[in-house]
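For the sequence shown, full-length UniProt numbering begins at 1 and goes up steadily by one.
Keep in mind that the hints are not guaranteed to be accurate.
Subject to a maximum C-alpha distance of 30 Å in a straight line, what follows is the list of computed DSBU-like cross-link-like pairs (lysine-lysine) [claimed, not checked]:
no.: 1; residue 1: K79; residue 2: K123
no.: 2; residue 1: K166; residue 2: K259
no.: 3; residue 1: K239; residue 2: K123
no.: 4; residue 1: K34; residue 2: K163
no.: 5; residue 1: K167; residue 2: K239
no.: 6; residue 1: K166; residue 2: K117
no.: 7; residue 1: K167; residue 2: K123
no.: 8; residue 1: K149; residue 2: K167
no.: 9; residue 1: K34; residue 2: K79
no.: 10; residue 1: K167; residue 2: K34
no.: 11; residue 1: K163; residue 2: K117
no.: 12; residue 1: K149; residue 2: K163
no.: 13; residue 1: K294; residue 2: K166
no.: 14; residue 1: K259; residue 2: K34
no.: 15; residue 1: K123; residue 2: K163
no.: 16; residue 1: K166; residue 2: K149
no.: 17; residue 1: K149; residue 2: K284
no.: 18; residue 1: K117; residue 2: K167
no.: 19; residue 1: K294; residue 2: K239
no.: 20; residue 1: K284; residue 2: K294
no.: 21; residue 1: K166; residue 2: K34
no.: 22; residue 1: K239; residue 2: K166
no.: 23; residue 1: K123; residue 2: K149
It should be emphasised that the hints constitute simulated quantities derived from the structure, not laboratory data.
As the structure is a computational prediction, the values presented were derived from the model and not from experiment.
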Amino acid sequence: MKRIIGTWNRQKSLRLTRSDPVYPDGSPEAILLKEVTAFCESGNGPNQGRDDYLHLPAIVEAAESSANAAREAALRIRKYLSNPAKSQGYVQYNAIMLIRILSDNPGHTFTRNIDSKFVATVKELLREGLDASVHHILRETLTIFETQKTGDGDLAPLIAMWKHEKKRPAQQPHAQPNWQPGPNMAPQQNTTRPSRPGTLPPPDELASRVSEAKTTATLLIQLIQSTPSNEIPSNDLIKEFSDRCQSASRSLQGFMQCKNPPPDDNTLLTLIETNDQLSVATSKYQRAVLTGRKAQEVGNSSSPPLDGGISTVYMRQAPSPLAAQPEVGPVPEPPPLRTAASTRNGNIRYQYNPDEFQVQNPFADGQVASDSTDEISTISGGQNNKTDHGLFHRGTGRLFP
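Given only the sequences and the hints, what does the whole structure look like? Please build it.
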């Protein structure tokens, strides 16, 4: 009895020691610890609908803004995983999901805190964990790290441990072969199908699969709402959860049609409701992908032309001297137009002066003669039509002295 009390006191003192750091309200560390606790511990597990996805944006933002906050996240996650026999498996499940999310964003700021203690904790959970869903998601996460993050040096110790552990024979009660993730990285295609077609799995296995399907649908919605729309089409983690939701939906539909034995009314209702949740999550993912593609198309079609257009305008306006010189020529152009026809033979234009011709017209058509004289002067190219014999009137055919 004393030994049990002493062990409990030591564990309590360790918890108190670990919770000693107190951060001011509003700091990234305080926000992260609060949101991580709310994300992992709120509610009563994946069987109840929760809005814990609202905590994910704050967790990611705090981890990005402060390296110490990312360190606190790693320590808090390790604390959640440190008790393999913990009854609240959903807490460990959500903690593992945080590892996957934070390893992508903020990435190195978080993964550099995965030290030897963290690796030992994961190893113990891998060997001693009792919850099938936790064991499955843990093995799946480690497989993803091995195949997709081999170049991350921070995860190298964790990946090395996983390579060694997966070679061990599955002798533990929880390490069943049907929990192994498939090669296509959509492990629920293997884990959510009954061993024999048309056969309903045992109640405990069915409850575990329904619970995991609900959690998968919830986490898919969480990831969609915490990821920028233009990044969703290329996000492998979100696509993976979408594939898992589709696979789980197909499996649940198969359970609904089982005849050996057929599901009772309550079980059938649970399967229908869970399948509805999966359908909603998948539909939201498809809409988010469509929105993200449209955002990318708008960005690709508007931004480059905008920049190119501006640069082109500047390049066209660059030779400003050409634009500054008026190409219409000198504005006082009318004077040359007025003299062009009359200055072909000289710069001086002949203008009629009536005083030079003081001759009385016996026919009283002096005005006509004057006009005709102008015509003669115009036709002759402006030359002086006054000759030694006088002026010739074209209309009358007479010569005026």
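Do the hints match the structure? See the list:
Only pairs whose Cα atoms come within 30 Å are accepted, and K79 paired with K123 is accepted, the gap being roughly 14 Å. Restraint check: the Cα-Cα separation between K166 and K259 comes to about 36 Å, which exceeds 30 Å; the hinted pair is violated. Among the hinted pairs, K239 with K123 is consistent with the structure: their alpha-carbon atoms are about 27 Å apart, no more than 30 Å. Restraint check for K34 and K163: not satisfied, since their Cα atoms lie roughly 34 Å apart, outside the 30 Å limit.
Only pairs whose Cα atoms come within 30 Å are accepted, and K167 paired with K239 is accepted, the gap being roughly 28 Å. Restraint check for K166 and K117: satisfied, since their Cα atoms lie roughly 19 Å apart, inside the 30 Å limit. Under the criterion of a C-alpha separation no larger than 30 Å, the hint pairing K167 with K123 is consistent with the structure, at around 13 Å. For the hint pairing K149 with K167, the CA-to-CA distance comes to about 20 Å; that is within 30 Å, so the pair holds.
Among the hinted pairs, K34 with K79 is consistent with the structure: their alpha-carbon atoms are about 15 Å apart, no more than 30 Å. With a C-alpha separation of about 38 Å, the suggested pair K167 and K34 falls outside the 30 Å cut-off, and the hint is violated. In summary, the hint linking K163 to K117 is supported, as the alpha carbons are separated by about 18 Å, within the 30 Å threshold. Simply put, K149 and K163 have alpha-carbon atoms about 13 Å apart, close enough for the 30 Å limit, and the pair holds.
Between K294 and K166 the alpha-carbon distance is near 42 Å, which puts this suggested pair outside the 30 Å criterion. Pair hint K259 plus K34 does not hold up; C-alpha atoms about 47 Å apart against a cutoff of 30 Å. At most 30 Å may separate the alpha-carbon atoms for a hinted pair to count; K123 and K163 meet this at roughly 11 Å. Distance hint between K166 and K149 is fulfilled; the C-alpha atoms sit about 17 Å from each other, no more than 30 Å.
Restraint check for K149 and K284: the C-alpha separation of about 28 Å stays at or below 30 Å, so the hint holds. Simply put, K117 and K167 have alpha-carbon atoms about 22 Å apart, close enough for the 30 Å limit, and the pair holds. About 18 Å separates the Cα atoms of K294 and K239, which keeps this hinted pair within 30 Å; it holds. Restraint check for K284 and K294: satisfied, since their Cα atoms lie roughly 15 Å apart, inside the 30 Å limit.
Pair hint K166 plus K34 does not hold up; C-alpha atoms about 35 Å apart against a cutoff of 30 Å. Note on K239 and K166: the hinted pairing holds, with a Cα-Cα distance of about 25 Å set against a maximum of 30 Å. At roughly 19 Å between alpha-carbon atoms, K123 and K149 fall within 30 Å of each other, so this suggested pair holds.
In terms of the numbered hints stated before, the structure departs from hints 2, 4, 10, 13, 14, 21, listed from lowest to highest.
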